[in-house]
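Chains as they are written, first to last, in this note's numbering: chain R, 1 to 568; chain Y, 569 to 931.
Hints listed in this document are in silico derivations from the structure and should not be mistaken for laboratory results.
Some clues are possibly wrong.
Claimed, not checked - DSSO-like, lysine-lysine: derived pairs with alpha carbons at most 30 Å apart:
hint	chain 1	residue 1	chain 2	residue 2
1	R	Lys171	R	Lys93
2	R	Lys209	R	Lys170
3	Y	Lys863	R	Lys489
4	R	Lys246	R	Lys219
5	R	Lys489	Y	Lys634
6	R	Lys489	Y	Lys867
7	R	Lys170	R	Lys222
8	R	Lys171	R	Lys216
9	R	Lys93	R	Lys170
All figures in this text were calculated on a predicted structure; none of them were measured in a lab.
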Amino acid sequence: MGRRQTRYPIPVNELAKKRKAGQAEGEHTDTKTTTSAVVEAYDRQISRDICENVAILEKLLGNSDDVIFRHITIGNANQLPAVFILIDGLVDKDSLQESVMTPLMLWAKEIEAPAVTTPEAIRHLMSEHFLSFLEVKEKLTYPEIVADVLAAEAVLIVHGLNLAFVLGAKKWEHRAISDPATENLVRGPREGFNELMKVNVALVRRRVKDPQFRVKYLKLGKRSVTDCALLYLEDVANPVLVDEVKRRIDLINIDGILDSGYIEQFIQDTPYSPFPQVQYTERPDRVAAAILEGRVAIVSDGSPNALIAPATLTNFLPAPEDYYERWLLMTAIRIVRTASLLNSILLPSLYIAFLNFHQEIIPSRLVLAIAGARAGVPFSAVVEAFIMEFTFELLREAGIRLPAPIASTIGIVGGIIIGQAAVSAGLVSPVMVIVVALTAIGSFAIPSFNVALSIRILRFPLMLLSAMFGLYGLTAGGILIVMHLVTLKSFGVPYLSPIAPLTLSGLTDTMVRAPAWQHRLRPLMFRPRNKYRSAPSTSYFQGKRAMHEHGFEVAPLADGAAKEGSET
Amino acid sequence: MNQQQITTRQAFLIMISVLSTSVLQPSFRNFLRWAGNGGWLPLTLAIVFGVAYVWLLLSLAKRFPKQSVAEYSSRVLGPIVGYPLVVLLVATFFLRGAFALRNMSEFFVAAILPETPISAVLIVMIVLVTYAIWSELEGIVRFNELATPLIIGSFILVFIGTTRLSIWNLLPVLNKGMHGLLPVFQSASSDLAIVSYILFIHPYLVDPQNAARVGSRHIVNAGLLLLFIYMNTVLSLGSHIGAALTWPYLVVTENIWLVERGEALFMVIWTLAAFIKTSFCLYTAALGISQLIPKVSLKWVGIVLIPLASYLALIPDDLPSAVAAYVLFNKYTLFIELAIPMVILLFAILRRMGGNSREQTSN
Numbered sequence: 001m002g003r004r005q006t007r008y009p010i011p012v013n014e015l016a017k018k019r020k021a022g023q024a025e026g027e028h029t030d031t032k033t034t035t036s037a038v039v040e041a042y043d044r045q046i047s048r049d050i051c052e053n054v055a056i057l058e059k060l061l062g063n064s065d066d067v068i069f070r071h072i073t074i075g076n077a078n079q080l081p082a083v084f085i086l087i088d089g090l091v092d093k094d095s096l097q098e099s100v101m102t103p104l105m106l107w108a109k110e111i112e113a114p115a116v117t118t119p120e121a122i123r124h125l126m127s128e129h130f131l132s133f134l135e136v137k138e139k140l141t142y143p144e145i146v147a148d149v150l151a152a153e154a155v156l157i158v159h160g161l162n163l164a165f166v167l168g169a170k171k172w173e174h175r176a177i178s179d180p181a182t183e184n185l186v187r188g189p190r191e192g193f194n195e196l197m198k199v200n201v202a203l204v205r206r207r208v209k210d211p212q213f214r215v216k217y218l219k220l221g222k223r224s225v226t227d228c229a230l231l232y233l234e235d236v237a238n239p240v241l242v243d244e245v246k247r248r249i250d251l252i253n254i255d256g257i258l259d260s261g262y263i264e265q266f267i268q269d270t271p272y273s274p275f276p277q278v279q280y281t282e283r284p285d286r287v288a289a290a291i292l293e294g295r296v297a298i299v300s301d302g303s304p305n306a307l308i309a310p311a312t313l314t315n316f317l318p319a320p321e322d323y324y325e326r327w328l329l330m331t332a333i334r335i336v337r338t339a340s341l342l343n344s345i346l347l348p349s350l351y352i353a354f355l356n357f358h359q360e361i362i363p364s365r366l367v368l369a370i371a372g373a374r375a376g377v378p379f380s381a382v383v384e385a386f387i388m389e390f391t392f393e394l395l396r397e398a399g400i401r402l403p404a405p406i407a408s409t410i411g412i413v414g415g416i417i418i419g420q421a422a423v424s425a426g427l428v429s430p431v432m433v434i435v436v437a438l439t440a441i442g443s444f445a446i447p448s449f450n451v452a453l454s455i456r457i458l459r460f461p462l463m464l465l466s467a468m469f470g471l472y473g474l475t476a477g478g479i480l481i482v483m484h485l486v487t488l489k490s491f492g493v494p495y496l497s498p499i500a501p502l503t504l505s506g507l508t509d510t511m512v513r514a515p516a517w518q519h520r521l522r523p524l525m526f527r528p529r530n531k532y533r534s535a536p537s538t539s540y541f542q543g544k545r546a547m548h549e550h551g552f553e554v555a556p557l558a559d560g561a562a563k564e565g566s567e568t
Numbered sequence: 569m570n571q572q573q574i575t576t577r578q579a580f581l582i583m584i585s586v587l588s589t590s591v592l593q594p595s596f597r598n599f600l601r602w603a604g605n606g607g608w609l610p611l612t613l614a615i616v617f618g619v620a621y622v623w624l625l626l627s628l629a630k631r632f633p634k635q636s637v638a639e640y641s642s643r644v645l646g647p648i649v650g651y652p653l654v655v656l657l658v659a660t661f662f663l664r665g666a667f668a669l670r671n672m673s674e675f676f677v678a679a680i681l682p683e684t685p686i687s688a689v690l691i692v693m694i695v696l697v698t699y700a701i702w703s704e705l706e707g708i709v710r711f712n713e714l715a716t717p718l719i720i721g722s723f724i725l726v727f728i729g730t731t732r733l734s735i736w737n738l739l740p741v742l743n744k745g746m747h748g749l750l751p752v753f754q755s756a757s758s759d760l761a762i763v764s765y766i767l768f769i770h771p772y773l774v775d776p777q778n779a780a781r782v783g784s785r786h787i788v789n790a791g792l793l794l795l796f797i798y799m800n801t802v803l804s805l806g807s808h809i810g811a812a813l814t815w816p817y818l819v820v821t822e823n824i825w826l827v828e829r830g831e832a833l834f835m836v837i838w839t840l841a842a843f844i845k846t847s848f849c850l851y852t853a854a855l856g857i858s859q860l861i862p863k864v865s866l867k868w869v870g871i872v873l874i875p876l877a878s879y880l881a882l883i884p885d886d887l888p889s890a891v892a893a894y895v896l897f898n899k900y901t902l903f904i905e906l907a908i909p910m911v912i913l914l915f916a917i918l919r920r921m922g923g924n925s926r927e928q929t930s931n
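Given these sequences and hints, build the entire structure.
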């Protein structure tokens, strides 16, 4: 059991000074702005009179039926009136009853103590003897108390004291830790984040047991007052980056943060870009890996997705599994994945360009086969492609929104029946169905949903350019996209780094995933304070000779040794 | 001055893309026409010239660190002489951009888009170049960083796939005599002299101390690429046939065994090179103007220059007129681009300005 933390109240005049300083810095920097104008009207220290306190707090908290005011009498010689204030459903009533109410109301009667009359003595008695709670804070003003009640804390106000005890008794129903729904792996941890921020932070903390690991709590949203946490390694993450992330988060001024997606949209560098500049994940191992690289993670309450900043394009393409399997195999998989990305964005456009402008590139037999298949199709290649791509997007969207069993039916109906029917009816050619199917499979192979989404959207203008100018148009579209990517930045880090600008050491984790022992340097594009993640020679492979000289080595078995062994 | 920052390697890597666009220029066949089989000799000498020229440019730039030629030329030569000289230098880049637009459009229309009007091809390139200028120096050099391996790879692939390489095509050596070597040397040197852009972008280099080493290396690489393309063309077609074709290298790519009629795929890669050259030339022109008139935004100068360059590009009525204009332009550009830095450097030395001299210290 940890020692209870005792906090002494700050004198009122100092508190007022602090608030003024906070106001000068900007209204977003403290939680004061989260209270309404009515609460601000009572921004003063609470009274020693419990009746006055209850009246004011009832006014401030409104007439909500889920706000509980439980009046009790502390049963020692003083017979002190007190009140518990809490919100029904957000507080652990059982532990509150066992650890606080029972001692205060029943056991206190059995203590034959002299009556305590001074406020300091009452406070000492309460905090040292009766409130057997791990987390107890003392709050002085009405707005602070209101904020704590709304943040699911239980508040105890005792007559005669001009302070309130805030008991950390948060508890509500939540989803258990389960497999990440959108980031499945064959090999690797099965834990995924849930909607509780503290659980999510703990999942990361369990993987990074370093005293330099820092968690900074923030509150966002004027009305939602969402708890958020900033996670980073103090001696690895660049302090300028950490400050920049904090600064951008502090600038958020909105009534509610209901998911980490809100934060992402507020802090990204270029909101008009189709490409994501902040990574999200529901895997704690991925967050831990990012923190070890010198990046910063943001976890928000109510969201199973943590944000990671900065993020470059190369961060979106690997799956966590890439680092758990052997490097050679995963390099091959990465090449397939990159090809599938290109396939997903280019294939329909290439089909249109080749068919409309550059038939000479297609081998003669193939071009005859395509022409034969397209005989009777009433539309041009581009119209055909647009119809099929649109139909496919429609099916995919419908499949996502439907419950899982029906979604698979939609997939079968869309993929097989509609495709077959469209070909039979002569609306589209079988080649087009193959092209669309390959495009779809390619987009599914991209591990990041948001990058896959960007590519899905960009495919359509490219198809249009191909229809107008053939390969020249497609190249022009490609140039625009790449030009956009090279100018894009995520928290000051070029989006295409380490490829452009080129950092040779960074290439060990791009399309090629070098062996783990060769990832000696952290990604330098994030400008980490500590560049090295491993000692020069840490693997068995590198130190093989030394291992053999001093370690275990198996000598070949002598003839007949197996037989002797079995006889004995 | 804006806060763009690039490395010296990125700055000089542009030269590879710029020189590779020679295959899109109808003037490339003049190498074969003028020098015949002996074109390799002036091209090799042009590389030597390129290295010396880079040395000259960097000697000047080093004297005035963190300043562009637009800033120090007027101090060295006085505003009456200094400004017009920089304007002349800017004009060469502007015209290079205009010619690159025309050459590239002609090439694509002739090679892969025979039914598309030249203006349509031009409009697409205008959009791309506008976006590139809007993305500024960092964007262009990073794009080039990505495109350069593809560009070099495409030429290597063509060489590997060329079906009829014959060493005998190089004989007889100097079949056109000595008199044709000088124009080829002059033309190739003029192409290499585009590296004078370094005078404008030198303040943005994060590692200017490496400029001489990196610059020389990249100039040699770019020159060797030009030589490689020339040799591939001669070995495949021979100088006699090559000189009769408008785009001899295009015919080389049409006859490789790797891909059946694969020239369209190579067009894609050369579009990148053409885009880089055009956008970089026009960007340098816009940068020069914005350095001369600091209150004028570079992006808006670019917006004005691009339609102007497009208009100029369409002035020659037909391809022969465009080629003739380009040849004439190339002839005189070399002298302009050589003379201006030399004059400024000479006066800077005589007036003891820049470098470790008193003037620099006082600044």
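Okay, the hints, checked on the actual structure:
1. With a C-alpha separation of about 9 Å, the suggested pair Lys171/R and Lys93/R falls inside the 30 Å cut-off, and the hint holds.
2. Of the pairs offered as hints, the one joining Lys209/R and Lys170/R holds, with about 25 Å between alpha carbons and a cut-off of 30 Å not exceeded.
3. In summary, the hint linking Lys863/Y to Lys489/R is supported, as the alpha carbons are separated by about 27 Å, within the 30 Å threshold.
4. This hinted pair checks out: Lys246/R and Lys219/R have alpha carbons roughly 12 Å apart, not beyond 30 Å.
5. Restraint check for Lys489/R and Lys634/Y: satisfied, since their Cα atoms lie roughly 25 Å apart, inside the 30 Å limit.
6. Between the alpha carbons of Lys489/R and Lys867/Y the distance comes to roughly 19 Å, so the proposed pair stays at or under 30 Å and holds.
7. Note on Lys170/R and Lys222/R: the hinted pairing holds, with a Cα-Cα distance of about 20 Å set against a maximum of 30 Å.
8. Proposed proximity of Lys171/R and Lys216/R is supported: the alpha carbons are some 21 Å apart, at most 30 Å.
9. With a C-alpha separation of about 9 Å, the suggested pair Lys93/R and Lys170/R falls inside the 30 Å cut-off, and the hint holds.
Hint check: no violations occur; every hint is consistent with the structure.
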